[in-house]
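Trainee: The primary structure of each chain is shown beneath.
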Amino acid sequence: MNQSARREDIPGWLTHIVVPGFNLLLAFVLSGILIAVIGENPFRALSLLIKGAFIYGDSLGFTLYYTTNFMFTGLAVSIAFHCGLFNIGGEGQAYVSGLGVALVGLYLGHLPVLIVIPLGIMAAALFGGIWGVIPGYLQAKRGSHVVITTIMFNFIAAALMTYLLVEVLIKPGQQSPESREFAPNIWLPYAHDVMNWFGINMLSTPLNLSFIFAIIVSVLTWGLIWHTRWGYEMRTVGQNPTAAVYAGISTSRNIILAMFLSGAVAGGVGINEIMGIHHRLLLDFTSGFGFVGIAVALMGRNHPFGIFLAALLFGVLFQGGTELSFDMPKVNRDMVVVIQGLVILFSGAMESVFRPHIIRLFVRTRTAIAAPAE
Amino acid sequence: MNAAREVPAVPVPPALELRGIEKWFGNVHANTDVSCKIERGTIHGIIGENGAGKSTLMSIVYGYYQADAGEILINGEPADIRGPEVAIAHGIGMVHQHFMLVNTFTVLENVILGVEDDFVLTRSLEKARTELNRLEREYSLEVDPDALIEDLPVGLQQRVEILKALYRGAEILILDEPTSVLTPQEVDQLFRILRALRDQGNTIILITHKLREIMALTDHVTIMRQGAVVGHVETAETSREQLAEMMVGRSVLLRVEKKKAEPGAAVLEVENLHVRDGLNVRRVNGVSFQVREGEILGIAGVAGNGQSELLEALAGIRAVESGRILLRGEDLTRPGAVRTPKSMRQLGLAHVPEERLKMGLVESFLASESGILGHHHEEKYTGRILTRGRAILDDVARQMKAFDVRPPDPSLLTSKFSGGNQQKIVLVREIDPNPDILLVGQPTRGVDIGAIEFIHRRLIEMRDEGKAILLVSVELDEILSLSDRILVMFNGEIVGELPQASATETQLGLMMAGERLPAEAAK
Numbered sequence: 001m002n003q004s005a006r007r008e009d010i011p012g013w014l015t016h017i018v019v020p021g022f023n024l025l026l027a028f029v030l031s032g033i034l035i036a037v038i039g040e041n042p043f044r045a046l047s048l049l050i051k052g053a054f055i056y057g058d059s060l061g062f063t064l065y066y067t068t069n070f071m072f073t074g075l076a077v078s079i080a081f082h083c084g085l086f087n088i089g090g091e092g093q094a095y096v097s098g099l100g101v102a103l104v105g106l107y108l109g110h111l112p113v114l115i116v117i118p119l120g121i122m123a124a125a126l127f128g129g130i131w132g133v134i135p136g137y138l139q140a141k142r143g144s145h146v147v148i149t150t151i152m153f154n155f156i157a158a159a160l161m162t163y164l165l166v167e168v169l170i171k172p173g174q175q176s177p178e179s180r181e182f183a184p185n186i187w188l189p190y191a192h193d194v195m196n197w198f199g200i201n202m203l204s205t206p207l208n209l210s211f212i213f214a215i216i217v218s219v220l221t222w223g224l225i226w227h228t229r230w231g232y233e234m235r236t237v238g239q240n241p242t243a244a245v246y247a248g249i250s251t252s253r254n255i256i257l258a259m260f261l262s263g264a265v266a267g268g269v270g271i272n273e274i275m276g277i278h279h280r281l282l283l284d285f286t287s288g289f290g291f292v293g294i295a296v297a298l299m300g301r302n303h304p305f306g307i308f309l310a311a312l313l314f315g316v317l318f319q320g321g322t323e324l325s326f327d328m329p330k331v332n333r334d335m336v337v338v339i340q341g342l343v344i345l346f347s348g349a350m351e352s353v354f355r356p357h358i359i360r361l362f363v364r365t366r367t368a369i370a371a372p373a374e
Numbered sequence: 375m376n377a378a379r380e381v382p383a384v385p386v387p388p389a390l391e392l393r394g395i396e397k398w399f400g401n402v403h404a405n406t407d408v409s410c411k412i413e414r415g416t417i418h419g420i421i422g423e424n425g426a427g428k429s430t431l432m433s434i435v436y437g438y439y440q441a442d443a444g445e446i447l448i449n450g451e452p453a454d455i456r457g458p459e460v461a462i463a464h465g466i467g468m469v470h471q472h473f474m475l476v477n478t479f480t481v482l483e484n485v486i487l488g489v490e491d492d493f494v495l496t497r498s499l500e501k502a503r504t505e506l507n508r509l510e511r512e513y514s515l516e517v518d519p520d521a522l523i524e525d526l527p528v529g530l531q532q533r534v535e536i537l538k539a540l541y542r543g544a545e546i547l548i549l550d551e552p553t554s555v556l557t558p559q560e561v562d563q564l565f566r567i568l569r570a571l572r573d574q575g576n577t578i579i580l581i582t583h584k585l586r587e588i589m590a591l592t593d594h595v596t597i598m599r600q601g602a603v604v605g606h607v608e609t610a611e612t613s614r615e616q617l618a619e620m621m622v623g624r625s626v627l628l629r630v631e632k633k634k635a636e637p638g639a640a641v642l643e644v645e646n647l648h649v650r651d652g653l654n655v656r657r658v659n660g661v662s663f664q665v666r667e668g669e670i671l672g673i674a675g676v677a678g679n680g681q682s683e684l685l686e687a688l689a690g691i692r693a694v695e696s697g698r699i700l701l702r703g704e705d706l707t708r709p710g711a712v713r714t715p716k717s718m719r720q721l722g723l724a725h726v727p728e729e730r731l732k733m734g735l736v737e738s739f740l741a742s743e744s745g746i747l748g749h750h751h752e753e754k755y756t757g758r759i760l761t762r763g764r765a766i767l768d769d770v771a772r773q774m775k776a777f778d779v780r781p782p783d784p785s786l787l788t789s790k791f792s793g794g795n796q797q798k799i800v801l802v803r804e805i806d807p808n809p810d811i812l813l814v815g816q817p818t819r820g821v822d823i824g825a826i827e828f829i830h831r832r833l834i835e836m837r838d839e840g841k842a843i844l845l846v847s848v849e850l851d852e853i854l855s856l857s858d859r860i861l862v863m864f865n866g867e868i869v870g871e872l873p874q875a876s877a878t879e880t881q882l883g884l885m886m887a888g889e890r891l892p893a894e895a896a897k
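Protein sequences, first through last, are from chains A and B.
Read left to right, the first sequence gives residues 1 to 374 (this note's numbering).
Read left to right, the second sequence gives residues 375 to 897 (this note's numbering).
Treat each hint with caution, since some may be false.
[Claimed, not checked] Taking lysine-lysine pairs in the DSS-like style, the calculated list, with each CA pair at most 25 Å apart, reads:
(1) A:Lys141 to B:Lys716
(2) B:Lys790 to B:Lys732
(3) B:Lys716 to B:Lys732
(4) B:Lys411 to A:Lys141
(5) A:Lys330 to A:Lys51
(6) B:Lys716 to B:Lys584
Rather than coming from a laboratory, the hints here were simulated on the basis of the structure.
Keep in mind it's a predicted model, so treat the numbers as computed, not measured.
Generate coordinates for the entire structure from the input sequences, incorporating the hints supplied.
Mentor: Here it is, written out as structure tokens:
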């Protein structure tokens with residue numbers, strides 16, 4: 001009996017690449033079958049999806065623009081998650097962050113660029129953070145479950161923003177509930193503008209400097225979670241609150257901190273959308289990015305690099321899906337949502353359904369290969 | 375031992391036979407080619423350290439898990455046990471370590487739970503009452519059928535579990551670590567019941583890691599190690615030492631050798647302490663004692679009599695309702711005094727919590743991360759913003775080597791270590807900063823024998839260096855062999871103090887059940 005040799009670990013590539021890859025493949029196979037059923041060629045659809053996301057003229061810019069939003073909301077969910085909190089409120093936090101940007105843009109927009117842009121970013125983070133920290137405080141001090149309160153805060157955010165846009169911030173003399181346009185000082189440069197400075201010609205897309213900012217936030221998040229004492233404390237609270245108390249770590253302080261940071265990072269959507277693209281505050285600019293962030297964080301295993309990949313995947317699905325519904329009349333907008341749903345279902349909700357089977361298959365194969373050698 | 379057993383004329387197949395059982399959990403081989411025969415009408419012990427695969431094996435027999443390979447034969451017939459209901463139908467009953475009873479139901483209601491065989495509940499209850507009376511008479515298993523479970527002491531709750539199994543027609547009874555929550559007297563009663571059951575022709579399988587129980591009760595023993603069977607022996611033909619050696623795989627010292635304590639000044643003093651738990655129930659009720667330099671003060675008691683809350687209050691985790699805690703004469707409970715886990719550590723008090731997985735470690739952390747828990751804010755581990763990754767790895771690796779943690783690799787996940795090695799990680803983390811006072815709760819629960827030996831030696835060494843140690847344990851053996859003085863806790867109160875030299879297991883057992891020490895004996 002040689003059982004010690006079999007107790008080796010499962011290699012990381014199996015759980016981090018093969019398993020998610022298999023789930024994704026399954027989602028695509030099922031989507032392919034659906035597309036075949038409605039009478040289109042699934043392979044042509046896949047090729048359209050990929051071309052629509054990467055190859056057609058301005059498509060890459062659009063894909064990365066979506067990716068930026070998903071990175072922010074995915075990171076936001078992951079920070080709370082590391083502290084054991086399920087922040088469903090990314091949507092509301094992102095929405096309110098737009099208000100912060102708008103206040104700076106509307107009332108301080110005339111300040112010099114180098115002052116007003118950091119001010120706008122800070123306002124977005126602060127407003128998003130506050131929208132996260134209130135449920136965090138209620139959880140930490142009153143025991144109100146953060147899942148419930150963040151959902152409620154999404155509705156409150158929606159109501160608040162509608163009121164402000166309809167009654168207060170609306171540009172006088174117009175019907176649509178939008179603020180006036182900000183002074184250009186607070187506009188973030190578009191990627192195509194930056195490229196033009198270097199003499200590279202790029203089609204106009206919504207992609208802007210926020211993308212670089214999202215990458216910086218990813219790196220900062222990684223450092224915070226794994227290489228600072230605060231990250232250590234947050235993870236301890238998330239993984240074992242009793243051990244945290246034993247170690248003298250305040251659970252309530254860390255819950256409040258994590259929810260603030262989570263909301264602040266969700267505020268990146270406000271930066272991308274309001275400072276980067278619309279340059280005015282408008283209704284429903286978050287359009288569900290906050291909710292997709294939950295799936296992105298789940299799929300990305302709450303690791304910034306995984307979140308980047310997952311955000312990119314959803315960027316591809318959003319952008320490529322739009323192209324797909326243009327080019328294939330039978331694959332309409334709703335069909336694209338179904339495909340996105342399948343990806344979320346297999347990579348998120350059913351993430352661990354196939355994992356044990358794949359691992360068992362791997363172990364059996366390894367044992368079978370190792371056996372004759374003994 | 376078992377005088378009145380009939381010798382059958384024809385060879386009887388074993389009550390239960392296992393052939394080549396294999397079980398994998400992910401990449402862990404929990405059972406490797408386990409084969410074993412359990413004869414009808416015997417008490418069969420299965421002994422092994424934590425993680426040796428005993429419980430997994432019995433969970434397969436009871437149908438909680440399905441074996442990946444191998445056969446189960448009941449009375450010589452192959453049985454396909456796909457779930458507990460199939461096991462019950464085959465006459466297998468199981469008494470779990472943690473009872474599966476509804477606390478607010480009566481004994482009778484619990485017994486018929488899930489087997490109410492009449493649409494009208496009262497009729498099932500009446501039927502059950504008759505049957506229960508018969509069982510109680512036959513095996514002298516007296517329990518009031520109308521008592522609520524929550525009013526019964528633990529020993530009687532366990533009887534209800536046994537009755538439940540018998541009521542379902544069990545002829546093979548599996549007991550998983552049945553004595554871990556009982557006082558010595560309750561253990562004796564349980565053993566009497568089990569012997570009576572055996573003598574009536576039932577088969578009993580006793581899972582335990584306690585050698586004494588095996589020697590006292592069983593007819594045959596199967597020894598398991600690392601998921602595999604390492605031997606079958608007749609209890610009459612073996613010894614504790616031999617069993618321990620087979621369990622561990624090398625010879626072990628069962629007794630702790632130590633010289634006489636030389637206690638110095640009192641370091642930690644507790645005066646009339648009252649503590650409430652999270653549900654606002656008073657769990658520590660007027661406790662006073664002191665711990666002196668160079669001694670181990672043991673607190674014995676059945677689990678759940680306030681020891682945990684006492685430890686947590688002393689460690690700064692739990693609030694004190696009233697009373698005083700003094701550290702080197704300084705009152706830590708006076709208004710305005712800081713008394714947090716962090717401040718207690720800074721005052722030189724270390725705490726090895728009772729439940730390492732619940733409190734002492736974070737299983738999903740790397741060993742290096744678990745190894746700095748509570749000390750993570752110290753300057754040697756963290757700068758102003760970034761943690762010192764290299765220094766943490768080096769320091770934890772050094773600590774792991776010092777306590778012979780295997781493997782001594784701080785970059786492995788905490789959950790990958792065995793119970794004994796996890797406990798060593800906690801222990802070295804707490805001992806390494808050289809505290810003056812050490813609070814230790816259940817230092818060897820779920821720890822293999824080899825590590826127990828090591829941990830006990832280190833505690834004695836600390837005592838000899840002049841440290842004050844407060845030991846809370848439910849293992850009487852451990853209390854008796856380590857402590858210099860013994861306090862017994864019952865229902866939140868200290869019912870008496872005994873010097874180690876004059877303490878006996880019987881006397882401690884009586885005190886653990888709440889009996890106060892007669893005044894003259896305490897002198």
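Trainee: Please verify whether Lys330 of chain A and Lys51 of chain A have alpha carbons no more than 25 Å apart.
Mentor: Holds - the C-alpha atoms of Lys51 of chain A and Lys330 of chain A are around 18 Å apart, at most 25 Å.
Trainee: Keeping to a limit of 25 Å between CA atoms, is the pair of Lys716 of chain B and Lys584 of chain B held or broken?
Mentor: The given pair, whose Cα atoms are some 37 Å apart, is violated under the 25 Å limit.
Trainee: Taken at face value, is the distance from the CA of Lys732 of chain B to the CA of Lys790 of chain B at most 25 Å?
Mentor: At roughly 16 Å apart (the allowed maximum being 25 Å), Lys732 of chain B and Lys790 of chain B satisfy the hint.
Trainee: Taken at face value, is the distance from the CA of Lys732 of chain B to the CA of Lys716 of chain B at most 25 Å?
Mentor: holds (18 Å)
Trainee: Does Lys141 of chain A lie within 25 Å of Lys411 of chain B when you go C-alpha to C-alpha?
Mentor: Status violated; Cα separation ~57 Å.
Trainee: Does the alpha-carbon distance linking Lys141 of chain A and Lys716 of chain B stay inside the 25 Å limit?
Mentor: Since the Cα atoms of Lys141 of chain A and Lys716 of chain B sit roughly 21 Å apart, the hinted pair holds (cutoff 25 Å).
The structure fails hints 4, 6 (numbered hints given earlier, in ascending order).
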